[in-house]
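Asks: Read top to bottom, the protein sequences are chains A and B. Under UniProt numbering, the first residue of the first sequence is numbered 1, with each subsequent residue one higher. Under UniProt numbering, the first residue of the second sequence is numbered 1, with each subsequent residue one higher.
The hints are simulated quantities; they were obtained by calculation from the structure and are not laboratory data. A portion of the hints provided could be inaccurate.
[As the list claims (entries may be wrong)] Capping the alpha-carbon separation at 20 Å, the derived lysine to aspartate or glutamate pairs in EDC-like fashion look like this:
no.: 1; chain 1: A; residue 1: Lys5; chain 2: B; residue 2: Asp35
no.: 2; chain 1: B; residue 1: Lys5; chain 2: B; residue 2: Asp81
no.: 3; chain 1: A; residue 1: Lys5; chain 2: A; residue 2: Glu57
no.: 4; chain 1: A; residue 1: Lys58; chain 2: A; residue 2: Glu38
no.: 5; chain 1: B; residue 1: Lys64; chain 2: B; residue 2: Glu38
no.: 6; chain 1: A; residue 1: Lys5; chain 2: A; residue 2: Glu84
no.: 7; chain 1: B; residue 1: Lys5; chain 2: A; residue 2: Glu74
no.: 8; chain 1: A; residue 1: Lys5; chain 2: B; residue 2: Asp4
no.: 9; chain 1: A; residue 1: Lys5; chain 2: A; residue 2: Asp62
no.: 10; chain 1: B; residue 1: Lys5; chain 2: B; residue 2: Glu49
no.: 11; chain 1: B; residue 1: Lys5; chain 2: B; residue 2: Glu59
no.: 12; chain 1: A; residue 1: Lys5; chain 2: B; residue 2: Glu2
no.: 13; chain 1: B; residue 1: Lys5; chain 2: A; residue 2: Asp35
no.: 14; chain 1: A; residue 1: Lys5; chain 2: A; residue 2: Glu51
no.: 15; chain 1: B; residue 1: Lys5; chain 2: A; residue 2: Asp4
no.: 16; chain 1: B; residue 1: Lys5; chain 2: B; residue 2: Glu77
no.: 17; chain 1: B; residue 1: Lys5; chain 2: B; residue 2: Asp73
no.: 18; chain 1: A; residue 1: Lys5; chain 2: A; residue 2: Glu74
Number of protein chains: 2
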Amino acid sequence: MEFDKLVHQPTRLQIFAYLYRHGRSPFTELVTALDVTEGNLSSHLQTMESERAVVVEKEFVDRKPQTTYELTDEGNELFEDHVETLETLIDGLDG
Amino acid sequence: MEFDKLVHQPTRLQIFAYLYRHGRSPFTELVTALDVTEGNLSSHLQTMESERAVVVEKEFVDRKPQTTYELTDEGNELFEDHVETLETLIDGLDG
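Take these sequences, add in the hints, and give me the full structure.
Replies: Rendered as structure tokens:
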């Protein structure tokens with residue numbers, strides 16, 4: 001059984017899950033929802049971005065700069081495969 | 001969401017799942033079933049043993065030494081809690 005390290009890391013697993021469920025989301029919303037520090041979240045999102053799992057957009061909303069993140073098709077696929085692996089492991093417990 | 005590092009590590013997650021499903025199992029069976037090296041498996045089992053998640057037994061079977069591992073009650077509980085956390089994450093995806 002393969003566990004993709006990019007997805008399996010605990011904080012990133014929650015980032016993938018949040019973006020998978022909510023779609024494009026502001027950085028500030030992720031910080032609050034996942035209860036992580038900004039620095040920790042930034043470094044994980046950079047890792048995800050460098051692996052082309054997320055795309056970042058910077059824009060002005062009501063004249064204020066806002067950074068949003070969204071899973072790429074590749075990121076969606078990586079996450080769906082990982083959930084399938086976890087479900088296989090869990091389903092296998094009942095023997 | 002808390003992910004217990006002892007359980008969440010990919011190889012250990014599969015060791016927990018295998019012992020949870022099959023009960024007490026020989027080391028050699030784990031090596032084959034999980035497709036890991038003996039050294040890698042030994043080090044993870046030592047980590048699990050030091051956290052009282054497994055107990056090891058050494059005995060002679062047909063005059064040959066055999067080492068078996070079994071989840072402790074604590075190990076079972078840690079694993080069940082972790083599966084519950086994973087299920088909560090997965091169930092939350094459908095919004």
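Asks: All the hints need checking, so say for each whether the structure fits it.
Replies: Consistency of the hints with the structure:
1. Lys5(A) - Asp35(B): Holds, at roughly 18 Å.
2. Lys5(B) - Asp81(B): holds, 12 Å
3. Lys5(A) - Glu57(A): violated, 25 Å
4. Lys58(A) - Glu38(A): Holds: Lys58(A) and Glu38(A) sit about 16 Å apart, inside 20 Å.
5. Lys64(B) - Glu38(B): holds, 18 Å
6. Lys5(A) - Glu84(A): holds, 15 Å
7. Lys5(B) - Glu74(A): Answer violated: Lys5(B) to Glu74(A) is near 27 Å, above 20 Å.
8. Lys5(A) - Asp4(B): With a Cα-Cα distance of about 16 Å, the restraint between Lys5(A) and Asp4(B) holds, given a limit of 20 Å.
9. Lys5(A) - Asp62(A): Distance ~38 Å between Lys5(A) and Asp62(A) Cα, so the pair is violated.
10. Lys5(B) - Glu49(B): Given that 20 Å is the threshold and the Cα spacing comes to 14 Å, the pair holds.
11. Lys5(B) - Glu59(B): violated, 31 Å
12. Lys5(A) - Glu2(B): With a Cα-Cα distance of about 17 Å, the restraint between Lys5(A) and Glu2(B) holds, given a limit of 20 Å.
13. Lys5(B) - Asp35(A): holds, 18 Å
14. Lys5(A) - Glu51(A): Roughly 12 Å separates the two Cα atoms, so the pair holds.
15. Lys5(B) - Asp4(A): The hint holds at about 16 Å.
16. Lys5(B) - Glu77(B): holds, 14 Å
17. Lys5(B) - Asp73(B): holds, 18 Å
18. Lys5(A) - Glu74(A): Holds: Lys5(A) and Glu74(A) sit about 15 Å apart, inside 20 Å.
When the structure is compared with the earlier hints, violations turn up for hints 3, 7, 9 and 11 and for no others.
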